[in-house]
Structure formats: structure tokens, C-alpha cells
Amino acid sequence: MDGNFSEKSDSSEEESMMIIRLSIDLVAAARRQVLFLRRVSESEWLHHPPTLLHSIRRYDELWMPLISELFVESMTQMILPPLDVQWVWFCHTLNPASYRLYCESRFSKLIEKSSIFDDENEEYALNRCRDIWSCKYPSEPFDLQEPDETMEIITDKSIIDEVFKHKSLYSKFYKPYMSEIVYLIAARKRYQGFLYLLQKFRDGYSKLVPTLDIQLMWLTHQSYPVVYTGDVKDMEGDLGKVVGVWDKVEDEDVKATKKLWERMFDQPYEKAGATIDEIVRPIKSPVYWETWDSDVNTKYKSLEPRFLLEVCVSMRTEREIKETQDTCLRLRTVRCHRELKIDKPSTSVPSDAWQKMWHIYCEFGTRGVLLELRQRSTGGSSCCKKKSSLRRSTILFLWNELLRAPSLTLDRELEQQWMRAVASITPPTQAPYLFKCVPDRVTDDSGAMISDVILKMNRYRPQEGRWLTRTVLDHAGRECFVLRIRMGSGFWRRGGETPAAVKKEDRIIEVREGSWSYVAGSIGRAPGKVVGTATPKEEEDSREKKASWSLSNGDELTIQWDSSSSSSSSSGFTFNLHNQTSPHDSVRLLKGRKMQYQVVNEVDGTLDHSKQEEQEEEEEYYVTLVRYTAENPNGRATALINWKLMVVEVSPEEDAVVVLLLCMVILRSVTEMKKEDIGGLLVRRRLKQTNIGLRDWGSVLLLHPYSSISTSATNSARFSPHLQPWYWNAKAVMASPVEADHKITSRQPAASHYSPAEGDDKLYKRGLLIIP
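Residue numbers for the sequence shown, in our numbering: -5 to 766.
If you're looking for bench data, these hints aren't it; they were derived computationally from the structure.
Please note: incorrect hints may appear among the correct ones.
[To be verified] PhoX-like mimics (lysine-lysine), calculated; alpha carbons at most 20 Å apart, straight line: (1) K252 <-> K194; (2) K183 <-> K293; (3) K253 <-> K235; (4) K161 <-> K242; (5) K585 <-> K668; (6) K539 <-> K293; (7) K531 <-> K668; (8) K293 <-> K669; (9) K253 <-> K350; (10) K531 <-> K497; (11) K242 <-> K183; (12) K161 <-> K201; (13) K350 <-> K540; (14) K249 <-> K235; (15) K539 <-> K669; (16) K159 <-> K242; (17) K194 <-> K183; (18) K242 <-> K194; (19) K252 <-> K540; (20) K585 <-> K539; (21) K498 <-> K540; (22) K252 <-> K498.
Input sequences plus hints: build the corresponding full structure.
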């Protein structure tokens, strides 16, 4: 860190850490706590009122008497109760006064929880408890059974209130970075600073509002009652002035908290992953960003995971900026999205407090952000227009430097030390994969493009077979798969025979892993490894508007079209996907953007039904893949497909190849049934794409693109579809330079643009667009 700012804040933070002693490893405990809350959240059976009441009875009548006998004040027993009892116990400890009164009135001592922070010890503690429980209560199963609804349950009402109050607690701490060690280390440091603040300014406030990182540490600390009581015994009365996780937050309390923190540590109170917005007005995140249990796509060597981090930049000045001072601030990324320029007037930077200026998501590949102070050049009309402003000073924040910095925060000085900026990030965590399929040349059975170049390299040996081909690009424009549809058989040689169309059931679809091996310019061979196939099943009645497909993973997809629906759109289609080899798990393809992919209101983040009505036709081109498991009986969306544009978003837990196959199968089947090339399936040329790095989709996103956070940015930043989730306006995000001239993507090049070797239009249209 640089300058006086860091010296003052560092010394204050070190002082707070020396004075506020913590008697437990809160980093390890909080990480375990987040995982526990997730497990409870996914156990929906646990939240049913009869089940909860039954669990509270088990806790009150069975567990607490048992643990009180085993508990030794100088040493916590290595023992853990069943999940339902653990949940009740945790909720009860979050009201320290009530829990202490309960323990002392019933057992004459405060009961502590075991400090268990790893899987091996947890398994041992559970098995040990199971044995003791069985001996103590032979007629009461250790694991929760279906409660008897006729049973009269009499228990402490205060416990019931606590448990029901915290039902959705995981929704506060679900973001994946909250279980990362570096984030938790920074959170513990800020929690110590918060407790220090309570002591230092006892009479300077009415209420203090903790951010989510501090709340996580506080709740975790409280869940170890004996440790917590000992650590905060000198400030017990002050803790009553802290706003609880479910308490109403007042603006005056927020301002007071910020002011005291800045006065004490000379740094902004808010940081990435710990903002007041999440406390005051939590709204739907534009990014589906959760903790993934696994990444099934690691088997594909051509794929590189996509990582996201949250970025927050705050600023303040040493002197007031006059309205007449024609300067502005611009935020850009070091790499990717060269078009990105989010401008703010420099007059929006206050001199008496820290102001949050930018709050965004960035892919780790952007490397960092660059902050520029710009001034209008002579004769310029606007400070922040490229041709009329000059760069006066810059600050660079690199992700790798921030990851090594204390509290994941760095401060920099701008313009001869009279303006300061503080940047903070969250640890980068894996985000969903993004893929788009772009048209490419026709290929033969071996995967080589149909070309005189290939013909010559093969000593004029004819190229057998004809396949429509699509190249799959990831979020960074890298080639990772090649999709192909078999359309024709036979040979082609100069002046000789031409390819013939194959039967419908022979028009298989395959996915090859890897990138093209180019031999001359854009002419090349597809990778040889086939990682997935879709085979059409022969139909019993060709008059039915129905298509059935077998996928190589065992899934079977059936697509049916009610042709009585409007012919001007793609409505009337139904999709049925099932796998006979996995009877316990089920999967559905839901039409439209469902669950987390629903379009939200740009004002308050709520579901925007009016926009969905306006874009009803566009909604028909989306399909959401939802998987139902024992852990997620209500389903979990694992992929979103726009089959018209051939764009997909895939969670790491979903097989990317399967989703790409589904996308191509749907597009081909709809094209065949409607006899209309809706998505440009018959385009057989590589179309011009936006240059990589110019405005890479998904590389930068406004954290709340529909909130007041972005309203002071320039119009280009506020309304650019590239700063919003791609599926909000996929057509604009995926637009190629050709579309900038208002040309239609699905319009294929004239037939004369294709060589005779590739086959004429009839070869590809037969069975798709015209009746044979």
C-alpha cells in the first residue's frame, strides 16, 4: 500500500487486532459454517413446520440433556448431533442472552459446541454421537424420521421463534467467494476492526450496521457460546447496538457506521463482497454464481474454466472539486473489452467521505482495471469523449496484486496525491461456461473442409461425404469444439460425380473436441476426437410433426410441434428429455428463460413481466435445462440455450457437450418441421466475427445494471447490452459486424458463393426446407 493513507489504516488495523483477541479459528469455523448453511438450505425436508417442531423437541428433550452430561467446562467433547439437531442448536446460539438463560436455568452452566473444522473429525464425531445416542435413547432413531403429527410437542417458544426466523439464512451467504480462505481472512480482520469500533466509540452512535462479511464472522462467533462470551465480555452491552441480520436497517445508522469506520481506519467501509446494498436492498444478481460441487467438463482438455470476481472502486479527494473544473474519471479494463469506458464526472467525488464509484463483475482474464483522470482538450465539447479529452493521470489495479494485498484491498494516489482511489476484489471463483456456435465451411467424412487446397494435399483423391459444420467458441473467442451434421454421401472429383443426400435417420450430429488444424488460411481439418453424438430415430408415422433423438450419453429427446399454432413464430413446440439409465434423477427442458434466467426489471430487479410480454416471440427461442435430484427436488437450472442464435450458458456441473448437442438437435428439428431456416442452419461459410478483445461478452458486467448504482454512468455504459447478462438482449450481444448494417444473421450467402464441390443448395435443403 502507498502513502499516508495506508500507514494510518494499517496502524489502526494492527491496533484493533492486538486489542480484540479471538479464542477460536474464525476463518476455519466460518468456512465450515457456510458449507453447513448450504447443506441445511438444500435439505428442504428440514424446513417443513412439523419436521422443525419435531427437531426442536429432539434438541430440547434429548440432545441438550445428553451433551450437558458429557460437557466438561475445560474441554469440549468431540461429538456432533444429527443434522436437524445441529440446525436447531445453531439457531438457538444466535440469541446469546436467551441461550445463556436456557442453559443456566436447566443445567447450571453454559454448554459449548465442539470445534470441528474438517470432514474426518466431523465423521468421527457423528459416529461417536450415534453410538452414545443409541445407548441413551434406544427407542429414538438417531437420524430424523417422519414425525408423528398426532404427537403433542411442548417446547420452548423462544427456540421455535429463533429457528423459524433463520430459515433462509443461507440466502445471505450463498456467493461462492464467501467460503474462500483469503476472503475469510479479510473478513476476520474487518470483524476485529468492527468490535474495536464498538469499544472505541461507545457513546458515538445509536446503532452500527455490519456488512455481510462482518455478519458472517459475528454469527459464527456466536455459535460457539463459551468462546464468544469470553471474547466479548467487556463489550456485551455494546453488542446490543449492532443491527442484526434480519433487523430493519435505517439510513442514519448506515451513515453513522460509515463515518466512524472512515474516521477510525481512513478507508472506505464498503468493499467488494461487503457492501451496504446487500444489506439495505438485496436484489437479484445478474450473474448465476453459486458454489459448484464439481466440474464435469474437466475431461475436455479444450475447455478453460471461466472465473469471475467482484470489483469495487471507491474514491475521495483532499480538496473540493469545483463545478467549473472540466475533468472526468474513466474506468477501463487492462485486457478484454477495449470498447469499455465507464465515465463519471470528477465532481461526484466528495472531499469529506469515501464514495463508491464503480461496482462491477470482471472475468479474471481482464487482468485488472485502469482508472484515468481526463481533461477536456482545447475546443472540446465534452470531457469524456475520446477525441476531445486528454489523459491527465492514471491508476492501475491488477488482480494479482490485489489478491496478495491485505484484505484484498489496495489504495492508490492520483493527481499529485490530492485524489485517492481504493480498489477491492473478491477471490475469483468459477462461473458458468459461455459458448457460441458460428457457421463454418462444409466438411467431408474425415473432418477436412471441402476445398481445392485439401484436394491437392490429398493428391486429388476425392473427398467423401458432406457435413454442415459449426465452430464452437468460448467466452474468450477460443475454438473448443466443432459441431457437424451429416448431410450427404458419395464422392466429388473434377468433372465427376456429385454428393447425394442421405436418409433422414442417417443425418447424425457429432461433436469433436478441440480446435481446427489449419493448413492454409482458414482452410483446415477438424479435430479427430468425437466426444458426443446425436442420432435421429426412425419415425413410425412421417406425417407427425415429431422428431426423436438418441444422445450418446443415454438421453432421449423428443420434439413435437403443434402445427395449428401460429406459423409466424416457433410457438407450439414441446421438448421431452429423459434418461432410462438414471431413474432417480430427472431432467426437463423448459421453454423460455426460467428460474435464475428470468428477465428482471431494470429499476428494482424484480421479474419484469411486461418485458416478457413484449418479447414473447424471442422467449420461444430459449430453453432452460433443469435437473431434479434428491438434493434439489424443486429442480436446479444447469444450462440456458438460445437455439436460434446457437448460444448457450452451462454450469460446471452440466456436461457442455450434451448441451451443445441439444442446441443443434433443436435447431435442426425445428428447421425441418417448419420448412424454414430460422437460425441460419444452412449457412456454409465462416461469417465475420467481432474482433477478440473488442467487446468480449461476459468479460465485464455491471453488478446491478437495473439499479441506481449505474445511473450516473454515461449512456453508453448504462444501456450497453455488453454490460448486462447476455440473455437479456442476446441478439445485440451476439451481433456481428454484418448485423451492424441491419443485415439478418440467418441470411445465407448466395448460392454462387459455394463451390460445386460443396454441393448445391438442394443437397442441404432436401428434407429440411422443401418437401422431397
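Requested in this report: Report the numbers of all earlier hints that the structure fails to satisfy, in ascending order.
Outcome: The structure breaks hints 2, 6, 8, 11, 12, 13, 18, 19 and 22; every other hint is satisfied.
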